[in-house]
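*Asks:* Spelled out, the chains give:
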Amino acid sequence: MKLRPLADRVIIKAVPSEERTKSGIIMPDTAKEKPQEGEIIAVGPGRIEKGERIAVDVQVGDKVIYSKYAGTEVKFDGEEYLILRESDIQAVIG
Amino acid sequence: MKLRPLADRVIIKAVPSEERTKSGIIMPDTAKEKPQEGEIIAVGPGRIEKGERIAVDVQVGDKVIYSKYAGTEVKFDGEEYLILRESDIQAVIG
Amino acid sequence: MKLRPLADRVIIKAVPSEERTKSGIIMPDTAKEKPQEGEIIAVGPGRIEKGERIAVDVQVGDKVIYSKYAGTEVKFDGEEYLILRESDIQAVIG
Amino acid sequence: MKLRPLADRVIIKAVPSEERTKSGIIMPDTAKEKPQEGEIIAVGPGRIEKGERIAVDVQVGDKVIYSKYAGTEVKFDGEEYLILRESDIQAVIG
Amino acid sequence: MKLRPLADRVIIKAVPSEERTKSGIIMPDTAKEKPQEGEIIAVGPGRIEKGERIAVDVQVGDKVIYSKYAGTEVKFDGEEYLILRESDIQAVIG
Amino acid sequence: MKLRPLADRVIIKAVPSEERTKSGIIMPDTAKEKPQEGEIIAVGPGRIEKGERIAVDVQVGDKVIYSKYAGTEVKFDGEEYLILRESDIQAVIG
Amino acid sequence: MKLRPLADRVIIKAVPSEERTKSGIIMPDTAKEKPQEGEIIAVGPGRIEKGERIAVDVQVGDKVIYSKYAGTEVKFDGEEYLILRESDIQAVIG
Numbered sequence: 001m002k003l004r005p006l007a008d009r010v011i012i013k014a015v016p017s018e019e020r021t022k023s024g025i026i027m028p029d030t031a032k033e034k035p036q037e038g039e040i041i042a043v044g045p046g047r048i049e050k051g052e053r054i055a056v057d058v059q060v061g062d063k064v065i066y067s068k069y070a071g072t073e074v075k076f077d078g079e080e081y082l083i084l085r086e087s088d089i090q091a092v093i094g
Numbered sequence: 001m002k003l004r005p006l007a008d009r010v011i012i013k014a015v016p017s018e019e020r021t022k023s024g025i026i027m028p029d030t031a032k033e034k035p036q037e038g039e040i041i042a043v044g045p046g047r048i049e050k051g052e053r054i055a056v057d058v059q060v061g062d063k064v065i066y067s068k069y070a071g072t073e074v075k076f077d078g079e080e081y082l083i084l085r086e087s088d089i090q091a092v093i094g
Numbered sequence: 001m002k003l004r005p006l007a008d009r010v011i012i013k014a015v016p017s018e019e020r021t022k023s024g025i026i027m028p029d030t031a032k033e034k035p036q037e038g039e040i041i042a043v044g045p046g047r048i049e050k051g052e053r054i055a056v057d058v059q060v061g062d063k064v065i066y067s068k069y070a071g072t073e074v075k076f077d078g079e080e081y082l083i084l085r086e087s088d089i090q091a092v093i094g
Numbered sequence: 001m002k003l004r005p006l007a008d009r010v011i012i013k014a015v016p017s018e019e020r021t022k023s024g025i026i027m028p029d030t031a032k033e034k035p036q037e038g039e040i041i042a043v044g045p046g047r048i049e050k051g052e053r054i055a056v057d058v059q060v061g062d063k064v065i066y067s068k069y070a071g072t073e074v075k076f077d078g079e080e081y082l083i084l085r086e087s088d089i090q091a092v093i094g
Numbered sequence: 001m002k003l004r005p006l007a008d009r010v011i012i013k014a015v016p017s018e019e020r021t022k023s024g025i026i027m028p029d030t031a032k033e034k035p036q037e038g039e040i041i042a043v044g045p046g047r048i049e050k051g052e053r054i055a056v057d058v059q060v061g062d063k064v065i066y067s068k069y070a071g072t073e074v075k076f077d078g079e080e081y082l083i084l085r086e087s088d089i090q091a092v093i094g
Numbered sequence: 001m002k003l004r005p006l007a008d009r010v011i012i013k014a015v016p017s018e019e020r021t022k023s024g025i026i027m028p029d030t031a032k033e034k035p036q037e038g039e040i041i042a043v044g045p046g047r048i049e050k051g052e053r054i055a056v057d058v059q060v061g062d063k064v065i066y067s068k069y070a071g072t073e074v075k076f077d078g079e080e081y082l083i084l085r086e087s088d089i090q091a092v093i094g
Numbered sequence: 001m002k003l004r005p006l007a008d009r010v011i012i013k014a015v016p017s018e019e020r021t022k023s024g025i026i027m028p029d030t031a032k033e034k035p036q037e038g039e040i041i042a043v044g045p046g047r048i049e050k051g052e053r054i055a056v057d058v059q060v061g062d063k064v065i066y067s068k069y070a071g072t073e074v075k076f077d078g079e080e081y082l083i084l085r086e087s088d089i090q091a092v093i094g
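Chains as they are written, first to last, in the working numbering: chain V, 1 to 94; chain H, 1 to 94; chain A, 1 to 94; chain X, 1 to 94; chain Z, 1 to 94; chain B, 1 to 94; chain L, 1 to 94.
Chain V on its own, in the form it takes in the complex:
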């Protein structure tokens, strides 16, 4: 991956909806926050709080649930990614 996220940001590749049934997780269309499933591609060094760096609590390869309306979209080598803050990740799958 050529992108290094800053602070507590991570880079996520969204899992297409047709592949989502594998994980057994379904995001209901009627959900209030439109969660989505994705895979962590890169992880920032963590944010600094009171002079100490707080490591990010997910790893490259983790499948995660995140809010659809969070983050910044970028396209790289023909694929779309999302740059998110760790706090926008709800849970790790599996």
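Keep in mind that the hints were calculated from the coordinates and are not lab data.
Just so you know, not all the hints are guaranteed correct.
[To be verified] Lysine-lysine pairs mimicking DSS-like chemistry, simulated, CA-CA at most 30 Å apart:
no.	chain 1	residue 1	chain 2	residue 2
1	X	K68	Z	K13
2	A	K13	A	K75
3	Z	K68	B	K13
4	A	K2	A	K75
5	L	K68	V	K2
6	X	K2	X	K63
7	L	K2	B	K68
8	X	K13	X	K75
9	H	K63	A	K2
10	B	K75	B	K63
11	A	K63	X	K63
12	Z	K2	X	K68
13	L	K63	L	K13
14	Z	K2	Z	K68
15	X	K2	X	K75
16	A	K63	A	K13
17	Z	K13	Z	K63
18	L	K50	A	K50
19	H	K50	Z	K50
20	Z	K75	X	K63
21	A	K50	V	K50
22	L	K75	L	K63
23	B	K13	B	K63
24	A	K13	H	K13
25	H	K13	H	K2
26	L	K13	V	K2
27	H	K63	H	K2
28	X	K75	A	K13
29	B	K63	Z	K63
30	B	K2	B	K75
31	V	K63	H	K63
32	L	K63	V	K68
33	V	K63	V	K75
34	B	K50	X	K50
35	V	K75	L	K68
36	Z	K63	B	K68
37	B	K50	A	K50
38	X	K13	A	K63
39	Z	K13	B	K75
40	Z	K2	Z	K63
With chain V fixed as given, assemble chains H, A, X, Z, B and L onto it according to the hints.
*Replies:* Chains H, A, X, Z, B and L alone, transformed into the frame defined by chain V:
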């Protein structure tokens, strides 16, 4: 459970209204905040404050009262769950 | 009591208005914040601030004045209760 | 006094406007914040900040200037009082 | 002065516009914030931050520039004063 | 200079637009924030954070870029100045 | 570079869209936040938090992705630059 919540989040399975009378707790329809009853299915490691992790004050299996309008809904193996922050939990039943 | 409030929350049983004259406290109807009188039924362990737990400054049995528009209503064994944060309590009576 | 204010709250008895000329302080009707004069009747133990209790900087008996639109009114033994936070007190008279 | 300001408040006597030319400072009528010139009459003990009292950085007798729309007006012995927070003072003249 | 700015404030003399070409810096009229160029005339002692004073990171004589809509205008000895907080200064020129 | 950014600000030269394909990063026009690519030209000394300076996590020469709507535009020696806070930088490329 295949979902690991991050930080101070918990995963809750709502108790259907027809089973709620068992616990003796009734959420009045006229209540201002529409509280609901649910069971804790998974608990995050706690949020970090000033470099120290603060453990979540509920456990898997706890029946809790939480606000209806909080959290993110996900569906997994045919069942609906809610990902909530600990601060959205009002009280533990029993 | 079957409800254990979390953090700095307390559970309150409102004192019906016909019993309020005993305490000598009257909440004027014209008051800006509509204070109410109630009795503390259960007390949470206190919130955590900078890694230290801050004990709640009221006890079970205390009669208190609180704001009418604060908190979450629940019904339990046929009686209504209110789950409040300690900061919504104005004063202890007596 | 039968009321014990919590945290950094104080209980104040307003000085009627006909007695205010004694102190020499006049609150202009055209003032932007409508300050008022009152006497401190009870003082809370102080709020907790970073684990330490900060004592309230007024005493029972102090005459103070406070903002008219702050606080919660209660009536007790036929007299009206105001429950205020210390930060709503502007100055001590005398 | 019979007024003791609390925390980081000060009491100011506004300098009438006809006397302002002495100091050489002119507040343009078209200014965005309508600054005013006044003299410090009384100084509070300072606010408490992280358990330590922070002394106020002006003294009785200082001529200061402050924002016109800040503070609480009081009248005392026939003169009008303003109770301000230190943070509403922009600069000391002279 | 007869004005002593408080806390993290500085006093700035705006550089007239006809002299700005000298520095080589041009503020585009279409810019979103309307930056301006000015010279630091006086510097406050710095704000206090957690009991320690944080020195201001500019000096008297520095040419700086600041936001046009920040600060308080004053006129002194026939010249207009601006009282700004340090955080409204974007960069030092030169 | 004649501009020294203050605190946690950086100065960025935007990469024109026709040169962006080199890096392989494409910002989709339909993106919610309109990210852009640029090169770091100057870096501030870092902001101060709790009395300690936090170094900025990018270096001069870094290619970065940042939000289009952040920052202050300046023109210098015929070229346009952007003064940004570090927190407006999403990721470093390469």
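*Asks:* Could you work out which earlier hints the structure fails to respect and list their numbers in ascending sequence?
*Replies:* The structure conflicts with no hint, since it agrees with every one listed earlier.
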